[in-house]
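Sequences listed follow chains F and X, in order. With the working numbering applied, the first sequence has no gaps in its numbers, which climb one by one up to 387 at the end. With the working numbering applied, the second sequence has no gaps in its numbers, which climb one by one up to 387 at the end.
FYI, nobody ran anything at the bench for these hints, they're computed from the structure. Errors might be hidden in some of the hints.
[What the hints assert, rightly or not] Calculated pairs, DMTMM-like style, for lysine to aspartate or glutamate (alpha carbon to alpha carbon, straight line, at most 20 Å):
1. F:Lys51 / F:Asp349
2. F:Lys107 / F:Asp87
3. X:Lys76 / F:Asp304
4. F:Lys161 / F:Glu114
5. X:Lys317 / F:Asp52
6. F:Lys161 / F:Glu171
7. X:Lys107 / X:Glu129
8. F:Lys161 / F:Glu208
9. F:Lys200 / F:Glu158
10. F:Lys200 / F:Glu157
11. X:Lys295 / F:Asp120
12. X:Lys15 / X:Asp241
13. F:Lys317 / F:Asp52
14. F:Lys51 / F:Glu353
15. F:Lys123 / F:Glu103
16. X:Lys51 / X:Glu110
17. F:Lys200 / F:Asp187
18. X:Lys51 / X:Asp27
19. F:Lys76 / X:Asp304
20. X:Lys200 / X:Asp241
21. F:Lys76 / X:Glu305
22. F:Lys317 / X:Asp87
23. F:Lys317 / X:Asp52
24. X:Lys107 / X:Glu158
25. X:Lys76 / F:Glu305
26. X:Lys15 / X:Glu230
27. F:Lys295 / X:Asp120
28. F:Lys123 / F:Glu110
29. X:Lys317 / F:Asp87
30. X:Lys317 / X:Glu305
31. F:Lys107 / F:Glu129
32. F:Lys51 / X:Glu129
33. X:Lys76 / X:Asp87
34. F:Lys161 / F:Glu110
35. X:Lys51 / F:Glu158
36. F:Lys15 / F:Asp241
[To be verified] Reference excerpt, derived from the structure (chain F facing chain X, CB under 7 Å, subset only):
37. Ala44
38. Phe83
39. His199
40. Phe238
Note that the coordinates shown come from a computational prediction; the quantities given were computed from them, not determined experimentally. Ideal placement from N, C-alpha and C gives every residue a C-beta, glycine not left out.
Number of protein chains: 2
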Amino acid sequence: MAPFFEIQSAPPGSKARAGLLRTAHGDIPTPVFMPVGTAGSVKAVTPRGLKDAGARIILGNTYHLYLRPGCGLIEKAGGLHRFVSWDGAMLTDSGGFQVWSLETLRKITESGVEFRSHIDGSKHLFTPESVMLAQRQIGADIIMAFDECTPYPATPEETDKSLGLTQRWTERALEWLAVNPALHGYDQHFFGIVQGGMHKEARARAIEHLIPLDLPGIALGGLSVGEPAEMMYDVAGFCTDILPPGKPRYVMGVGTPSNLVTLVGLGFDMFDCVMPTRNARNGTVFTWDGPLHYKAARHASALDEPIDRRCGCYTCKNFSRAYLRHLFVAGEILALELASLHSIHFYQDLMAECRRQIVAGSFAPWSAELLARWAAPAQPESSAPQS
Amino acid sequence: MAPFFEIQSAPPGSKARAGLLRTAHGDIPTPVFMPVGTAGSVKAVTPRGLKDAGARIILGNTYHLYLRPGCGLIEKAGGLHRFVSWDGAMLTDSGGFQVWSLETLRKITESGVEFRSHIDGSKHLFTPESVMLAQRQIGADIIMAFDECTPYPATPEETDKSLGLTQRWTERALEWLAVNPALHGYDQHFFGIVQGGMHKEARARAIEHLIPLDLPGIALGGLSVGEPAEMMYDVAGFCTDILPPGKPRYVMGVGTPSNLVTLVGLGFDMFDCVMPTRNARNGTVFTWDGPLHYKAARHASALDEPIDRRCGCYTCKNFSRAYLRHLFVAGEILALELASLHSIHFYQDLMAECRRQIVAGSFAPWSAELLARWAAPAQPESSAPQS
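This is chain F alone, in the form it adopts within the complex:
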């Protein structure tokens, strides 16, 4: 049987690699960005829109799905793929980060996390076992360990205590999974999560704990939680040097296009973030020239200019900035659909271009130029076609 993950190209010159993830719902070239479908919908985008944008794997949030519509219903539907009519691959988080984020509404103990629903205040308990059951019911192709996110900043002692919990919870999850097989007739690949805050020594211990478990993949959690980007890159780069080279590496919940390109250069393969869709709904889309505030008044008469001339998405092929700006200002839902579609397409294109540059052996100079351009102070936006 072909392996779950395979590195297809990792030329010298950078730590970046091009790979392939094989799932029961299709193969996924890496590096890959996974649009976030929080409660069973990538907000404002249809499954056919996602496919058109090039997405092959999307993410679901166990916390949200557990509360609404409930994992029992999703199991009855035959799994989340069928419930939401998505025939590509899926990954679910464990809900660990989400319940941790509830702050005043949750209590963390050795056994798990007691929390109150953000919707109706009802009381619930997540344990490493219960969230594995939830992920079995949901039936994503890739499922995640139940972890405790280490806050930033945290002392070494706080970090160690938190890391210990994540490690014991990971073992409990694996024990549960070993005797509770998948429910929908196909494999679910379990990823461990590396915590350890910004303390490299703790991150190293987290990785050393995971290596002998020989899991299908490993994720970094607890990044992009308020630390400076340079610190995130430093910790992430430290990790790739000691992570097993043959496993897929996933940085959870990150980030901007610059973050993604930088992390690809540090040897990461998988990403997810609400940023492209959330920002699109708030009036900002991403382009090859950096973020574009499409709702800004200066676009009111940009009748001949799409969001990004180099983009082949439905939005850029059919609509002007002036129209999108008008839709946003007029409160039209279509603005949110079209902007979200574009930004998802852009993130897919960005990952595909990273992959092409990796395979061509030109990733390092290409990404350096791109990141420098994006880091430069914003130029006045021009209406002229970009070369």
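With chain F fixed as given, assemble chain X onto it according to the hints.
Showing chain X alone in chain F's frame:
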């Protein structure tokens, strides 16, 4: 040159007719329902979604477009078709009904209507001439007379006064159009509007005034403004008996599926209404079994049942009532997109089926059965497939 409108089939047994409208943006079989794209967007639906649903003509509201983004900008864009990327046909209303609806914000005089924007309170004046200019700039294939809607109820005197204004405004509009040709290189077909409230004698005078003008089409305005449905049908049916048989007949702003089928049976050809999209956004869609409150709790576990098994729309082919209900309850924008798509598709299907029944000579018994079924007290909804 082929005529703008042609009746293709009008068999005995009912007043219903099947026809064809020819425009610079495609031919449109009638009877036809035109989805309403208020401010340059059929709410929550992309142009490709509209095409997929079978729509060949959509409506724009001059009042909304005039305020945002402004008719000058639309003219600069090359017309509304280009601005919104819709290559099918379009019709614009004149804004008459919309400014009339502003009630406390408008003042009607012989010269036109002074009104305050519902958006920012700014002062504006619509005259028969200025709204023809606006419609020239927007560039719809079919443009409408500037009229004053007669309220319901209204005395014969009030009705006469109002009708006189509409008649004089229609003449002024025609004079202006005669010396101000279309701006975008294709014909715009001007429809007159029959007012006259619920007074048949006034309606008859309105029609007699329009007949010698030999306009491309004639619309009924001032219906569905609070009167009982039976009264609307009575007035509308009276009108078709004296309207010129060879002109397309358009009932503005109406209505429910039952309204449409009934009015087709009375000899009307064109319809528009915000109902399918507005109700979809509020949790109700239309089906061959009548309205369906898809947000209702009873659909929470309807995992195997689409909105309507007989519907071939994207929503019905891919998603269950349970999923749509979940999306609505979770506040997901996708609920509004999918529900709107379905209801637009259903309205298109309904008109296409009316046309088939007309051509087959079976419209009268078919529509009688359908209307009786829809008028029957609602049955408990079943999960069984409908025969």
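Checked hints:
no. : hint                : verdict
1   : F:Lys51 / F:Asp349  : holds (13 Å)
2   : F:Lys107 / F:Asp87  : violated (37 Å)
3   : X:Lys76 / F:Asp304  : holds (10 Å)
4   : F:Lys161 / F:Glu114 : holds (18 Å)
5   : X:Lys317 / F:Asp52  : holds (18 Å)
6   : F:Lys161 / F:Glu171 : holds (16 Å)
7   : X:Lys107 / X:Glu129 : holds (17 Å)
8   : F:Lys161 / F:Glu208 : holds (16 Å)
9   : F:Lys200 / F:Glu158 : holds (14 Å)
10  : F:Lys200 / F:Glu157 : holds (13 Å)
11  : X:Lys295 / F:Asp120 : holds (18 Å)
12  : X:Lys15 / X:Asp241  : holds (9 Å)
13  : F:Lys317 / F:Asp52  : holds (13 Å)
14  : F:Lys51 / F:Glu353  : holds (18 Å)
15  : F:Lys123 / F:Glu103 : holds (14 Å)
16  : X:Lys51 / X:Glu110  : violated (41 Å)
17  : F:Lys200 / F:Asp187 : violated (33 Å)
18  : X:Lys51 / X:Asp27   : holds (14 Å)
19  : F:Lys76 / X:Asp304  : holds (10 Å)
20  : X:Lys200 / X:Asp241 : holds (12 Å)
21  : F:Lys76 / X:Glu305  : holds (13 Å)
22  : F:Lys317 / X:Asp87  : holds (14 Å)
23  : F:Lys317 / X:Asp52  : holds (18 Å)
24  : X:Lys107 / X:Glu158 : holds (16 Å)
25  : X:Lys76 / F:Glu305  : holds (13 Å)
26  : X:Lys15 / X:Glu230  : holds (17 Å)
27  : F:Lys295 / X:Asp120 : holds (18 Å)
28  : F:Lys123 / F:Glu110 : holds (18 Å)
29  : X:Lys317 / F:Asp87  : holds (14 Å)
30  : X:Lys317 / X:Glu305 : holds (10 Å)
31  : F:Lys107 / F:Glu129 : holds (17 Å)
32  : F:Lys51 / X:Glu129  : violated (48 Å)
33  : X:Lys76 / X:Asp87   : holds (17 Å)
34  : F:Lys161 / F:Glu110 : holds (11 Å)
35  : X:Lys51 / F:Glu158  : violated (58 Å)
36  : F:Lys15 / F:Asp241  : holds (9 Å)
37  : Ala44               : holds (4 Å)
38  : Phe83               : holds (6 Å)
39  : His199              : violated (38 Å)
40  : Phe238              : violated (39 Å)
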